[in-house]
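J.: Take the sequences, apply the hints, and build the full model.
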Amino acid sequence: MRKYTLLPFNFTRISGKEVLVNELGDMIIADNGTVRKIIDHTLDDKELYKSLVANFFISEETIPTLLDIYASRLRAKKDFLDQRTALHIFVLTLRCNQNCTYCQASSQEEFSSHCSMTFDTMEASVRLMFKSPSHYLTMEFQGGEPSLMPDLMKFGIERAEEINKTEKRNLTYVLCTNCRRLTAELLAICKQYHVLISTSLDGPAFIHNKDRGRDDSYEKTIAGITKAREVLGQDAVSVLMTTSELSLDYPNEIVDEYVNDGFHDIFLRALNPYGLAAQNNDWNKYNDRFIEFYKKAFEHILSINKQGTFFRENYASIILRKMLTPFTTGFVDLQSPAGTVNSVLVYNYDGYVYASDESRMLAEIYDYTFRLGNVHDKYENIVYGKKVRNMAKVWANEALAGCADCALKQFCGADPVRHHSTQGDMYGFRPTSLVCKKNKAIIEYLISLIITRGEEVLPIFRSWLR
Amino acid sequence: MNLEVNRDIYSDSVISKVVYWLSGNYAVERKLNGNTEIMNITSIKDEPIDEKTLHHKVFQMLNDQKLRNIIEDETNDIRTILFAKAFADFDDLTEEDLTE
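For the protein sequence lines, the chains are A and B, in the order given.
Once you know that position 73 of the first sequence is 73 in my numbering, the rest is easy, because the numbers rise by one and skip nothing.
Once you know that position 77 of the second sequence is 77 in my numbering, the rest is easy, because the numbers rise by one and skip nothing.
It is possible that part of the hints are untrue.
Derived pair list, reagent style DSSO-like, types lysine-lysine, alpha-carbon separation capped at 27 Å [stated by the list, open to error]:
#: 1; chain 1: B; residue 1: 66; chain 2: A; residue 2: 50
#: 2; chain 1: B; residue 1: 85; chain 2: A; residue 2: 50
#: 3; chain 1: B; residue 1: 52; chain 2: A; residue 2: 440
#: 4; chain 1: A; residue 1: 17; chain 2: B; residue 2: 57
#: 5; chain 1: A; residue 1: 440; chain 2: B; residue 2: 45
#: 6; chain 1: A; residue 1: 210; chain 2: A; residue 2: 191
#: 7; chain 1: A; residue 1: 440; chain 2: B; residue 2: 31
#: 8; chain 1: B; residue 1: 45; chain 2: A; residue 2: 437
#: 9; chain 1: A; residue 1: 17; chain 2: B; residue 2: 52
#: 10; chain 1: A; residue 1: 437; chain 2: B; residue 2: 66
#: 11; chain 1: B; residue 1: 52; chain 2: A; residue 2: 437
Calculated from the structure, these hints are not laboratory results.
Model, not experiment: these values are computed from the prediction.
T.: Below you can see the structure in the form of structure tokens.
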């Protein structure tokens, strides 16, 4: 073996192996003691040596001849920064026609007379959205329950379509709805403008109805999904689940519900500590139980795939895409620099712009830390303002204590809003951070599966990434 | 419990990073006596400490962090070049900028 120099990489220990990860997120799994041998130049495994050279862990030249390719791949891993803010969330109203037990958005009564966006605010918000240089703009309508405001949604879409005659961006529309009130009028708007439906389904009826605070919620949601599929097409409807305390005991039942309803994927999503959910009195316990829930549900998903049915877990897919492909993802919770502002902006019913969906939820408990400005302000003053500059100091995990030395940081992200919310400090303290604990547990679990059951799980993982 | 760490083997940076991760569960008092650092570790949750397990864990963390620090020190320059190549907007530079 020739003389070599080290290239930047980190390592951790999982399932009795050393897992080496370079700046691109490429992994090499090796026996214990390998890192010491690399550093001491006492490697005796020629195949491993070749692999380390080929994958940019060591270099036979002081400056690798393929450094430009390495740099280009690194840039590709962060290309969501080039794309700029693509997701624009419009919170039409806080009014809602459900009583979800864990509502994170501080929803109000259906017939409440306040907490709804004005047409003037919508007009200014749409104009502001087009100031983003992104070629792709997604208008996501949220609430409360945005289907209670069909005229406002239609107005927003029509304004966007009008402005886009000259802007020529790729526009996508998403309506986040509980499907209780998918009227013919609303579905006609959705059909005309190709609006995608994103709804919530927490599992079988006994879970969904309990979580959503209504005995008919499951029935209405399933009816709404069926109706929307008929009008808009099978693939125009996607669903999200939220793992309530009740859900934690039913991982297999929840997965089976999704399979039986004809879905091909599920996003096993933990509760976030906002709104009513923030009243949970033991987040440590919930977090530990969620990780166990996730693993049980994931095992069930693997068994469904092994029986020949394609069914994907989306959180794992996002991590696996970072791990097993040269590409990144647009998922805002697992980005560094963080997805807040860089990938998402929120135009709230109150006429203010917020850094993320969670940021506007904090505003409902009078925490305006992430209120960036008014929809009538200049775009530059909002996205390059003092608040965003302060967030920028703590939104890259490459520069955060605890994260900077973590071998798994390439698969994870920074979350200043969550750390502000849970620890009172945007910087965050990783040894007690529940975000860190959850992400690390899931990432380590996926890597342990690759180490211990690679032949079984890798074909399934790769099928999810196609 | 007290742990003695040889500062000729483990630098302040290495020890500090390990203490950072321990501080979620433990209070760590550090004292320097010549080249020996004495770490007094107490549980902040009033739970009993399994001294043998914690001793093993701390030294595993110290050894791993020492390896990480060596890699970081040896690759600092190439990492800077790599990030500059990846993210600097060279296309925006003029000939004048490059010859300054």
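J.: Taking each numbered hint in turn, which are not upheld by the structure, reported in ascending numerical order?
T.: As far as the earlier hints go, 6 and 7 are violated by this structure, in ascending order.
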